[in-house]
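Trainee: Chains as they are written, first to last, in the UniProt record's numbering: chain A, 1 to 370; chain B, 1 to 370.
Hints may contain errors.
If several chains are the same, the list does not tell them apart, and a pair holds so long as it fits within one copy or across any two.
[Said to hold, decoys possible] Dumping the calculated SDA-like pairs for lysine to any residue here, alpha-carbon to alpha-carbon at most 20 Å:
id, residue 1, residue 2
1, Lys-221, Asp-83
2, Lys-198, Ala-280
3, Lys-221, Lys-266
4, Lys-13, Gly-305
5, Lys-221, Leu-184
6, Lys-198, Leu-270
7, Lys-266, Ile-289
8, Lys-112, Ser-86
9, Lys-112, Asp-332
10, Lys-211, Glu-181
11, Lys-115, Gln-4
Bear in mind the hints are in silico, worked out from the structure with no lab data behind them.
Protein chains: 2
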Amino acid sequence: MTFQIHIGANVRKSAYFDATVADGVRSFSVYNHMYIPGHFGDPEGEYDRLLNGVAQWDVAAQRQVELAGPDAVALAQLLTPRDLSSLTVGQGRYVPVCDHEGMVINDPVLLKLGKDRVWLSVADSDLHLWAAAIGAERGFDVSVREPDVSPMAIQGPKAMDVAAALFGDHVRDMRPFAFVETALDDIPLVLARSGWSKQGGFELYLMDGAKGNALWQRVRKAGEPWNIGPGAPNDSERIESGLISYGADMRRQVVPANPFEMGMGKMVSLDSHDFIGRSALRRIADAGIARRRVGFFVEGSPVTGLEAPVALRRGATDVGIATDIAWSGRLDASIGLGLVEVGIGDDDTGLTVALPEGSRPVRLAPLPFL
Amino acid sequence: MTFQIHIGANVRKSAYFDATVADGVRSFSVYNHMYIPGHFGDPEGEYDRLLNGVAQWDVAAQRQVELAGPDAVALAQLLTPRDLSSLTVGQGRYVPVCDHEGMVINDPVLLKLGKDRVWLSVADSDLHLWAAAIGAERGFDVSVREPDVSPMAIQGPKAMDVAAALFGDHVRDMRPFAFVETALDDIPLVLARSGWSKQGGFELYLMDGAKGNALWQRVRKAGEPWNIGPGAPNDSERIESGLISYGADMRRQVVPANPFEMGMGKMVSLDSHDFIGRSALRRIADAGIARRRVGFFVEGSPVTGLEAPVALRRGATDVGIATDIAWSGRLDASIGLGLVEVGIGDDDTGLTVALPEGSRPVRLAPLPFL
């Protein structure tokens, strides 16, 4: 069943929108109130390119929340359980952000651009509202706004070569999540060694939306020797890699979850600093968590997606929730992500997933799958 | 140019999703992280039904932010410049919500369900994050969550007859924005005389998402004598009526605007109570506003939509912004909404709108058009 997407004034277009249309984009979703490409008509080819070559993604919908001013770093630290005291300028870090009850409300990559400027490269929720409310209520000297910044990703084993062709061989020495402010001719951008896949690559944070098409074409041209082509964040690869999708795997309104359940426990630093949700997370840590994040294989004919969370069961009893499923070409299997009660072991039998078309046996698997 | 919408795990399905698919929905957009129908393949017929009959809309994406607890009403009042002191249980009110700088961040209908329970029926932004942050930071005794509530609208001149057939003739006496908690057999709901059109009608706030299809069919059956049919919030009618679309006409990140500029000045009560943004709005009121909300006619061949804001100009000078345009069948004209500098008068000549396909003459018009 396919439906058209309504292109209207209430959803924003990416700086790369026209470029992706010219490259044959076939489907969009909406993320942070912005259209984001879904696929370009060749899902298998796009998966292969990500795993074996290099893919070019419009991820401008990964908006930046900029904290600017003397208290920028203090606000950033207050927003996350993760200890930022050792974070240097030019380095990013993946951070959970929690509400006062300890539930995750976003999981951005935080980029420390200066001692008074921080970006949160956010997943799909209005974190700018949260950060602005906290900053103002605490009386911090900080502005919270969304700057004109549009990330593009190049991902895959050949992304390093493309980045080196564009920026020079020094990029090969960049550590994961390191970034630099730079430019391609007159196109200002931040180059970061990051991206929402486990295949390696870079994100180019374009800092002038008017130059989206110019940057897209420039990257495309540089990538030709490695057969670069368009793509988008890939459901199969992200489940294989065990990456979290805020909005699918948890969402405050639908599937509330705390960072311990989500496997982010090592990022929660209860004793090093004050942060929103600390007392709630301390209580949760003391009581012990009730659920844990798991992967699972679905037996039987291929399952290519999951459109809404469904129950994981043992016999007739709900013991968890399945939040996403995709077909893995590399594993030749249907694989999924979810949360189960901590009493359920990896080797437990008799588990099923309550798909809309009927229940299917599942067996749990450690993450990542690959 | 048409594109498919990606149906995936990271966007929620409405309680009426399956019902609208069965009724032939052809396009969706995404609103509050949920699919919302765009049209059902007959835009002219759907416009006509809204104006002359009765239309049935899935507006479940208009999510509720529930404030519950002893401080619910106090938090609601803190969130809006509009004075709520005279608001009684069973009555709703359209309210701007502003950030600390006085910029509008949402424009929900507020429903006072009890002295300790309030719903904010929100436009497209994560107001639950804002409200939760403010409530917790102020130490209020209130929970902020999104309950299982899914609004459906019946709109148009025959909506009153359909509501009377469903609930009884007493609904004819309900005042605008009045509501009652009621049920249709075992389907619990709040019935409100409201809706995002100027054609009159009701919203049925279903309080059990599992009964979406049952309610949809029940309303459809009751509406048959008046030829009820599916539809969706209508761009043409909303512009004709001068209704604000948060996300199109303003959005904190893209087109920030304060309530005075947006024509909501009468809802700002600077002296009656404390609220977020009061000192900023007082400064703005003292200084005088720089822009005002306007309608405009676009001359020349029909313009059927606007996909991103564009400049309004006098000669070569930008004097404002156009935020949406649609074709009005009733006016036989292309009409739009936007903001212009206060120095620009309704009768000023030489104004143009910088459409992507080229500039067009416009003339301003008072709101509403109809």
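Trainee: State whether the alpha carbon distance between Lys-211 and Glu-181 is at most 20 Å within one copy, between copies, both, or neither.
Mentor: within (16 Å within a copy, 53 Å between copies)
Trainee: Check Lys-112 against Ser-86 for me: Cα-Cα at most 20 Å, and say if that holds within a copy, between copies, both or neither.
Mentor: Cα proximity of Lys-112 and Ser-86: one copy only (11 Å, versus 48 Å across).
Trainee: From the Cα coordinates, with 20 Å as the cut-off, is the pair Lys-13 and Gly-305 best called within, between, both, or neither?
Mentor: between (26 Å within a copy, 14 Å between copies)
Trainee: Is it within a copy, between copies, both, or neither that the alpha carbon of Lys-198 lies no farther than 20 Å from that of Leu-270?
Mentor: Classified as neither; 28 Å inside a copy, 53 Å across copies.
Trainee: At most 20 Å between CA atoms: does that hold for Lys-115 and Gln-4 within a copy, between copies, both, or neither?
Mentor: Cα proximity of Lys-115 and Gln-4: none, with 45 Å in one copy and 43 Å across.
Trainee: How would you classify Lys-221 and Asp-83 at a CA-CA limit of 20 Å: within, between, both, or neither?
Mentor: neither (40 Å within a copy, 58 Å between copies)
Trainee: Quick one: Lys-221 to Lys-266, C-alpha cut-off 20 Å, is that within a copy, between copies, both, or neither?
Mentor: neither (41 Å within a copy, 55 Å between copies)
Trainee: When no copy is named, should Lys-266 and Ile-289 be tagged within, between, both, or neither for a Cα gap of at most 20 Å?
Mentor: For Lys-266 and Ile-289, only the intra-copy Cα distance (14 Å) is at most 20 Å; the inter-copy one is 50 Å.
Trainee: Regarding Lys-221 and Leu-184, is the shortest C-alpha distance of 20 Å or less found within a copy, between copies, in both, or in neither?
Mentor: within (13 Å within a copy, 62 Å between copies)
Trainee: Reference check for the pair Lys-198 and Ala-280, CA-CA at most 20 Å: within, between, both, or neither?
Mentor: neither (32 Å within a copy, 46 Å between copies)
Trainee: When no copy is named, should Lys-112 and Asp-332 be tagged within, between, both, or neither for a Cα gap of at most 20 Å?
Mentor: Cα proximity of Lys-112 and Asp-332: none, with 40 Å in one copy and 54 Å across.
Going down the numbered hints, you'll see the structure goes against 1, 2, 3, 6, 9, 11, while the others check out.
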